[in-house]
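Protein chains: 2
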Amino acid sequence: MAETKGGVLTRRGLLVGIGAAGGAGAMYAAMGALGLAPTGQDKEYTPPRQGDFTLSGRASAKVVIIGAGVAGLTAAYELGKAGYDCTLLEARQKPGGRNLTLRAGDRLAELNGPAQDVKFGTGVYFNAGPGRIAQWMVTLDYCRELGIPIETFINNNASAYVHTNGQTVRARTARADMYGYIAELLAKATNLGALDKALTKDDRESLLEFLRRFGDLGPKLDYEGSERRGFTRFPALDGGVPMPDPGTLHQVLAAGTGRAITNDFGYEQATPMFQPVGGMDAIATGLQQAIGQDRIKTGARVTGITTLDDGVEVTHTGGILKADYCIATLPPHLLAKIPHNLGAPITAALSTPVPIAAGKIGLEYGRRWWELEDRVYGGVTETDLDITHIWYPSHDYHAERGLLVGYYNTERAAELYGALTPEDRRRRALTQGKKIHGEKYRQNLLSSVSIAWERQEHIQGGWVRWPSFDSSFTLLQRPAGRVYFAGDWLTHLIAWQAGAMESARGAVTQLHRRVLQSP
Amino acid sequence: MAETKGGVLTRRGLLVGIGAAGGAGAMYAAMGALGLAPTGQDKEYTPPRQGDFTLSGRASAKVVIIGAGVAGLTAAYELGKAGYDCTLLEARQKPGGRNLTLRAGDRLAELNGPAQDVKFGTGVYFNAGPGRIAQWMVTLDYCRELGIPIETFINNNASAYVHTNGQTVRARTARADMYGYIAELLAKATNLGALDKALTKDDRESLLEFLRRFGDLGPKLDYEGSERRGFTRFPALDGGVPMPDPGTLHQVLAAGTGRAITNDFGYEQATPMFQPVGGMDAIATGLQQAIGQDRIKTGARVTGITTLDDGVEVTHTGGILKADYCIATLPPHLLAKIPHNLGAPITAALSTPVPIAAGKIGLEYGRRWWELEDRVYGGVTETDLDITHIWYPSHDYHAERGLLVGYYNTERAAELYGALTPEDRRRRALTQGKKIHGEKYRQNLLSSVSIAWERQEHIQGGWVRWPSFDSSFTLLQRPAGRVYFAGDWLTHLIAWQAGAMESARGAVTQLHRRVLQSP
Numbered sequence: 001m002a003e004t005k006g007g008v009l010t011r012r013g014l015l016v017g018i019g020a021a022g023g024a025g026a027m028y029a030a031m032g033a034l035g036l037a038p039t040g041q042d043k044e045y046t047p048p049r050q051g052d053f054t055l056s057g058r059a060s061a062k063v064v065i066i067g068a069g070v071a072g073l074t075a076a077y078e079l080g081k082a083g084y085d086c087t088l089l090e091a092r093q094k095p096g097g098r099n100l101t102l103r104a105g106d107r108l109a110e111l112n113g114p115a116q117d118v119k120f121g122t123g124v125y126f127n128a129g130p131g132r133i134a135q136w137m138v139t140l141d142y143c144r145e146l147g148i149p150i151e152t153f154i155n156n157n158a159s160a161y162v163h164t165n166g167q168t169v170r171a172r173t174a175r176a177d178m179y180g181y182i183a184e185l186l187a188k189a190t191n192l193g194a195l196d197k198a199l200t201k202d203d204r205e206s207l208l209e210f211l212r213r214f215g216d217l218g219p220k221l222d223y224e225g226s227e228r229r230g231f232t233r234f235p236a237l238d239g240g241v242p243m244p245d246p247g248t249l250h251q252v253l254a255a256g257t258g259r260a261i262t263n264d265f266g267y268e269q270a271t272p273m274f275q276p277v278g279g280m281d282a283i284a285t286g287l288q289q290a291i292g293q294d295r296i297k298t299g300a301r302v303t304g305i306t307t308l309d310d311g312v313e314v315t316h317t318g319g320i321l322k323a324d325y326c327i328a329t330l331p332p333h334l335l336a337k338i339p340h341n342l343g344a345p346i347t348a349a350l351s352t353p354v355p356i357a358a359g360k361i362g363l364e365y366g367r368r369w370w371e372l373e374d375r376v377y378g379g380v381t382e383t384d385l386d387i388t389h390i391w392y393p394s395h396d397y398h399a400e401r402g403l404l405v406g407y408y409n410t411e412r413a414a415e416l417y418g419a420l421t422p423e424d425r426r427r428r429a430l431t432q433g434k435k436i437h438g439e440k441y442r443q444n445l446l447s448s449v450s451i452a453w454e455r456q457e458h459i460q461g462g463w464v465r466w467p468s469f470d471s472s473f474t475l476l477q478r479p480a481g482r483v484y485f486a487g488d489w490l491t492h493l494i495a496w497q498a499g500a501m502e503s504a505r506g507a508v509t510q511l512h513r514r515v516l517q518s519p
Numbered sequence: 001m002a003e004t005k006g007g008v009l010t011r012r013g014l015l016v017g018i019g020a021a022g023g024a025g026a027m028y029a030a031m032g033a034l035g036l037a038p039t040g041q042d043k044e045y046t047p048p049r050q051g052d053f054t055l056s057g058r059a060s061a062k063v064v065i066i067g068a069g070v071a072g073l074t075a076a077y078e079l080g081k082a083g084y085d086c087t088l089l090e091a092r093q094k095p096g097g098r099n100l101t102l103r104a105g106d107r108l109a110e111l112n113g114p115a116q117d118v119k120f121g122t123g124v125y126f127n128a129g130p131g132r133i134a135q136w137m138v139t140l141d142y143c144r145e146l147g148i149p150i151e152t153f154i155n156n157n158a159s160a161y162v163h164t165n166g167q168t169v170r171a172r173t174a175r176a177d178m179y180g181y182i183a184e185l186l187a188k189a190t191n192l193g194a195l196d197k198a199l200t201k202d203d204r205e206s207l208l209e210f211l212r213r214f215g216d217l218g219p220k221l222d223y224e225g226s227e228r229r230g231f232t233r234f235p236a237l238d239g240g241v242p243m244p245d246p247g248t249l250h251q252v253l254a255a256g257t258g259r260a261i262t263n264d265f266g267y268e269q270a271t272p273m274f275q276p277v278g279g280m281d282a283i284a285t286g287l288q289q290a291i292g293q294d295r296i297k298t299g300a301r302v303t304g305i306t307t308l309d310d311g312v313e314v315t316h317t318g319g320i321l322k323a324d325y326c327i328a329t330l331p332p333h334l335l336a337k338i339p340h341n342l343g344a345p346i347t348a349a350l351s352t353p354v355p356i357a358a359g360k361i362g363l364e365y366g367r368r369w370w371e372l373e374d375r376v377y378g379g380v381t382e383t384d385l386d387i388t389h390i391w392y393p394s395h396d397y398h399a400e401r402g403l404l405v406g407y408y409n410t411e412r413a414a415e416l417y418g419a420l421t422p423e424d425r426r427r428r429a430l431t432q433g434k435k436i437h438g439e440k441y442r443q444n445l446l447s448s449v450s451i452a453w454e455r456q457e458h459i460q461g462g463w464v465r466w467p468s469f470d471s472s473f474t475l476l477q478r479p480a481g482r483v484y485f486a487g488d489w490l491t492h493l494i495a496w497q498a499g500a501m502e503s504a505r506g507a508v509t510q511l512h513r514r515v516l517q518s519p
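Chains A and U supply the protein sequences, listed in that same order.
Residue numbers for the first sequence, in the UniProt record's numbering: 1 to 519.
Residue numbers for the second sequence, in the UniProt record's numbering: 1 to 519.
Hints should not be assumed to be uniformly reliable.
Just so you know, same-sequence chains aren't split out, so a pair can sit in one copy or run between any two.
Unchecked claim - Listed below are the simulated SDA-like cross-link pairs for lysine to any residue, each with C-alpha atoms no more than 25 Å apart in a straight line:
{"no.": "1", "residue 1": "K188", "residue 2": "S206"}
{"no.": "2", "residue 1": "K201", "residue 2": "D222"}
{"no.": "3", "residue 1": "K440", "residue 2": "R144"}
{"no.": "4", "residue 1": "K220", "residue 2": "N263"}
{"no.": "5", "residue 1": "K201", "residue 2": "T262"}
{"no.": "6", "residue 1": "K188", "residue 2": "D222"}
{"no.": "7", "residue 1": "K188", "residue 2": "N263"}
{"no.": "8", "residue 1": "K440", "residue 2": "Y45"}
{"no.": "9", "residue 1": "K81", "residue 2": "L372"}
{"no.": "10", "residue 1": "K201", "residue 2": "L221"}
{"no.": "11", "residue 1": "K188", "residue 2": "K201"}
{"no.": "12", "residue 1": "K81", "residue 2": "E400"}
{"no.": "13", "residue 1": "K220", "residue 2": "L192"}
{"no.": "14", "residue 1": "K322", "residue 2": "R301"}
{"no.": "15", "residue 1": "K197", "residue 2": "D245"}
{"no.": "16", "residue 1": "K220", "residue 2": "D264"}
{"no.": "17", "residue 1": "K440", "residue 2": "E145"}
{"no.": "18", "residue 1": "K201", "residue 2": "N191"}
{"no.": "19", "residue 1": "K201", "residue 2": "G256"}
{"no.": "20", "residue 1": "K197", "residue 2": "R212"}
{"no.": "21", "residue 1": "K81", "residue 2": "H398"}
{"no.": "22", "residue 1": "K337", "residue 2": "T303"}
{"no.": "23", "residue 1": "K62", "residue 2": "D85"}
{"no.": "24", "residue 1": "K440", "residue 2": "E44"}
{"no.": "25", "residue 1": "K188", "residue 2": "L221"}
These aren't lab readings, by the way, just hints derived from the structure by calculation.
Hey, can you work out the whole structure from these sequences and the hints?
Quick look at the structure:
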């Protein structure tokens with residue numbers, strides 16, 4: 001979920017040099033106008049409609065969809081709008097794919113590992129897969145369309161912590177200190193005349209005014225600490241007890257909080273984010289209900305895909321399914337292993353993206369000590385430990401119980417945890433979290449469940465990374481015979497449900513156009 | 001709600017010079033440890049308990065509380081825990097004071113102006129007074145204690161707008177440009193050697209690494225735009241269509257977005273904030289229910305306060321009330337006008353704080369166009385117009401109707417709007433909002449209600465400002481005879497419900513201690 005993926009979104013355009021002040025106003029105003037332009041992903045998408053066939057005199061087709069994750073479910077849902085006869089083949093026992101919310105009574109099996117029985121209290125849930133939605137993503141449109149209530153997911157909390165180099169501070173404190181010192185440094189450099197070539201007199205004045213505000217600088221443009229750092233006792237009848245003085249510039253830079261305090265700067269994770277009320281699987285469930293459960297065959301592992309002149313033939317553990325078209329939505333590294341007649345370049349392309357490990361643990365506590373004692377309501381603590389993040393729940397505030405995400409890590413850290421037994425994962429997560437929260441992190445723990453996505457059968461990865469978005473990527477965005485591909489892995493929104501949905505829409509659009517134009 | 005109020009919270013301590021690198025680590029680690037300290041306001045507060053009297057052999061007392069706003073209600077609620085016999089005298093027809101949520105069927109009267117009938121649809125509400133709660137505030141403790149569900153109030157939204165100097169950009173764009181350029185400038189100054197006295201070699205490297213991340217700088221440490229600015233079409237099947245190139249440094253500085261993009265930097269408005277589900281008046285209602293409606297006399301305007309050796313006598317429009325003690329919670333400028341025998345210094349002190357005008361308008365729309373078209377889910381657009389802010393609702397996402405706060409302004413801007421008729425306020429608010437949102441801002445408007453707090457009878461101000469927190473302030477924090485004072489105006493949390501609550505707790509603590517120690 002890096003801000004730039006695979007290096008494809010390259011830096012844009014004209015290098016605007018410092019101090020090149022021509023045409024002031026006009027360009028910025030144009031940006032403003034553009035900032036107002038609709039930004040929804042779906043503006044260009046027209047769903048198939050029953051009426052499309054009425055007009056063309058053609059009939060809808062039969063489509064077999066391999067995989068009932070978010071991409072497969074979305075494709076079936078969209079095709080269903082025009083009356084396509086869709087069947088979904090899902091190898092797992094439950095549709096939804098990585099859209100997985102665990103609750104009491106669920107059992108989570110694992111490849112080469114023990115199954116875990118989920119023992120949470122009533123109403124407690126753990127989004128083991130995706131957990132947050134950006135407001136510009138098409139995912140919210142599906143929530144609206146399917147009538148799924150949403151609520152805020154807090155991705156940035158000034159009261160949460162930053163833990164780096166063995167030290168823990170509140171995010172607000174880390175931010176105030178870093179901003180304070182960089183404002184002071186830039187103000188000093190400006191006043192020393194170091195930037196006179198780059199700045200007009202007006203620029204200098206505007207800049208200093210901004211820096212004073214940005215860093216909460218004192219009258220001499222020094223950073224001397226700030227109320228923004230927080231208080232050991234907040235103001236009330238008196239002015240409160242402020243945090244002690246900040247460290248020196250050297251100490252603040254050495255603390256290494258930079259990554260943590262810029263974590264939500266990108267367009268994918270900017271504040272605010274959202275989640276369905278009651279669990280992310282409301283989306284998978286909503287799509288299933290709209291599609292009809294009878295169209296989904298679970299426990300059906302696909303063993304062969306054959307494209308023919310007049311249709312497709314998909315063999316699976318329950319038999320053979322013939323249809324007019326196929327949409328294959330499995331992870332590419334799994335699709336690549338299924339025998340097919342789509343050609344060697346397709347196999348090569350499907351083998352190109354690299355699966356990435358990702359893991360999460362849900363820690364259920366009998367007391368919401370993070371609210372009661374730390375005054376942290378939702379949000380994320382960023383760490384340089386192998387747990388990477390701790391997520392505090394953005395819902396059911398003040399309830400008796402609550403569930404933290406005790407780690408959400410990827411790649412090597414995820415592989416490390418994934419290789420442990422569930423008990424050892426929990427033990428390690430608690431040891432790490434204790435470095436931030438102290439002994440209470442181990443107390444009042446009621447139960448836990450951990451997932452290692454690379455060990456989930458028929459999924460085997462958190463997501464994939466393309467070495468580059470090259471011809472393999474574009475090859476799979478087009479059909480191979482009568483077989484279409486879809487999944488977050490075929491988009492620039494990898495690891496997001498929005499990617500799976502956009503990709504499904506893309507495949508549906510192509511397929512529907514073909515059906516409407518077929519002789 | 002400025003970050004520093006009345007100049008009392010002065011800058012702290014030791015001036016840590018740039019480059020003074022002694023004792024690295026230790027101080028920062030100490031800060032870390034302190035960052036973990038409990039920060040709740042209520043740690044030092046012990047509520048009165050029934051058992052207190054059992055132990056001391058004394059009995060609770062009779063208390064008359066003047067004003068049933070948040071301070072008065074909190075005082076009665078806390079005293080009630082020990083069985084005090086409280087009566088609240090409220091001049092208005094409804095308790096709650098500025099904790100006012102308007103819904104269909106409500107009628108809002110105004111001094112020297114026409115009454116407004118509220119015609120919102122079912123479920124639509126307008127928090128005409130306080131609208132947000134910081135997570136460290138005692139207000140959340142009352143929500144927990146009273147069983148009032150809370151949800152996130154979005155105070156900062158990267159997709160909301162900044163409108164300054166006639167130009168509108170998304171907050172994410174304004175922020176990316178300003179951060180990008182200041183990072184570039186500081187990187188340049190660093191590399192020019194301008195800060196060599198302030199920075200060790202290690203510091204320089206750490207700083208440049210941070211600046212690269214903070215400003216999303218290119219390989220040459222130039223700011224050339226960034227995906228953080230947003231897209232006219234976000235990435236999906238392709239990399240999306242990024243916003244056009246940023247303006248020059250000069251243009252970005254001249255745009256004057258600095259105030260807007262630092263609006264949530266302070267401890268009072270840092271992300272995230274919270275609100276009761278269904279309207280802020282859940283707090284007033286919850287307190288009333290806990291106190292008992294029979295203890296609250298509405299329409300009872302106080303006309304005299306007399307402290308006596310053995311009690312107090314409060315005259316009001318409904319008669320005379322005798323009690324052992326009194327807690328006076330009216331706004332100070334109104335209290336100052338009530339005849340009393342508390343002495344001239346009390347009148348002088350009560351006359352010291354200056355009432356501040358504050359206004360809000362609720363605009364109810366039949367379509368949530370800000371979600372559908374602008375993809376803005378909650379949050380605030382900051383402007384340099386006289387409307388100051390536009391608030392988008394942080395609840396009931398995807399509902400049919402929705403209510404924006406079309407202005408929330410103070411002082412001169414509030415007085416300007418307050419002097420208009422409700423129709424003219426709406427017209428002006430729509431004309432201003434149209435500058436940001438275009439014609440749709442005037443379309444689909446169903447109804448509106450505006451409040452001018454300086455024109456609300458028995459309140460007559462949004463809040464007050466103390467010229468300085470001097471001896472008048474501390475004088476009123478102590479009782480005058482048997483009369484105690486309470487209100488947000490007697491705290492460093494002016495204009496926050498938390499101030500009213502903390503002040504009430506302070507008065508209750510003093511009063512209860514006195515009762516327990518009385519002969």
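Results for each hint:
1. Taking the closest pair of Cα atoms, K188 and S206 come within 25 Å of each other both inside a single copy (15 Å) and across two copies (18 Å).
2. Both within a single protomer and between protomers do K201 and D222 lie at most 25 Å apart by alpha-carbon distance, with minima of 21 Å and 22 Å respectively.
3. In the homo-oligomer, the alpha carbons of K440 and R144 lie at most 25 Å apart only across protomers (21 Å), although the nearest pairing inside one protomer, at 40 Å, exceeds that limit.
4. Taking CA atoms no more than 25 Å apart as the test, K220 paired with N263 passes between copies only; the shortest distance there is 22 Å, against 31 Å inside one copy.
5. Proximity of K201 to T262 under the C-alpha cut-off of 25 Å is restricted to the inter-copy arrangement: shortest distance 23 Å between copies versus 31 Å within a copy.
6. In this homomeric assembly, K188 and D222 come within 25 Å of each other (Cα to Cα) both inside a single copy, at 9 Å, and across copies, at 20 Å.
7. In this assembly of identical chains, the alpha carbons of K188 and N263 lie at most 25 Å apart only when taken from different copies (24 Å versus 27 Å within one copy).
8. Taking identical chains as interchangeable, the C-alpha atoms of K440 and Y45 lie at most 25 Å apart only when they sit on different chains, with a minimum of 23 Å there against 50 Å within one chain.
9. In the homo-oligomer, the alpha carbons of K81 and L372 lie at most 25 Å apart only across protomers (21 Å), although the nearest pairing inside one protomer, at 48 Å, exceeds that limit.
10. Taking the shortest Cα distances, K201 and L221 sit within 25 Å of each other both inside one copy (17 Å) and across copies (24 Å).
11. Both within a single protomer and between protomers do K188 and K201 lie at most 25 Å apart by alpha-carbon distance, with minima of 15 Å and 18 Å respectively.
12. Only between protomers do K81 and E400 lie at most 25 Å apart by alpha-carbon distance; the minimum there is 23 Å, versus 43 Å within a single protomer.
13. In this assembly of identical chains, the alpha carbons of K220 and L192 lie at most 25 Å apart whether taken from the same copy (13 Å) or from different copies (23 Å).
14. In this assembly of identical chains, the alpha carbons of K322 and R301 lie at most 25 Å apart only when taken from the same copy (15 Å versus 83 Å across copies).
15. When the C-alpha separation of K197 and D245 is checked against a cutoff of 25 Å, the pair qualifies only between copies, where the shortest distance is 22 Å, while the shortest distance within a copy is 35 Å.
16. Taking the closest pair of Cα atoms, K220 and D264 come within 25 Å of each other only across two copies (24 Å); inside a single copy the shortest separation is 31 Å, beyond that limit.
17. With identical chains, the CA atoms of K440 and E145 are at most 25 Å apart between copies only, with a shortest distance of 22 Å across copies and 42 Å within one.
18. Proximity of K201 to N191 under the C-alpha cut-off of 25 Å is found in both arrangements, the shortest distances being 11 Å within a copy and 22 Å between copies.
19. Proximity of K201 and G256 under a CA criterion of 25 Å is satisfied inter-copy only: 15 Å between copies versus 34 Å inside one chain copy.
20. For a Cα distance limit of 25 Å, the shortest separation of K197 from R212 qualifies both inside one copy, at 22 Å, and across copies, at 22 Å.
21. With identical chains, the CA atoms of K81 and H398 are at most 25 Å apart between copies only, with a shortest distance of 21 Å across copies and 42 Å within one.
22. In this assembly of identical chains, K337 and T303 lie within 25 Å of each other by CA distance solely inside one copy; the values are 9 Å within and 87 Å between copies.
23. In this assembly of identical chains, the alpha carbons of K62 and D85 lie at most 25 Å apart only when taken from the same copy (5 Å versus 76 Å across copies).
24. Taking the shortest Cα distances, K440 and E44 sit within 25 Å of each other only across copies (21 Å), while inside one copy they are farther apart (51 Å).
25. Taking the closest pair of Cα atoms, K188 and L221 come within 25 Å of each other both inside a single copy (8 Å) and across two copies (20 Å).
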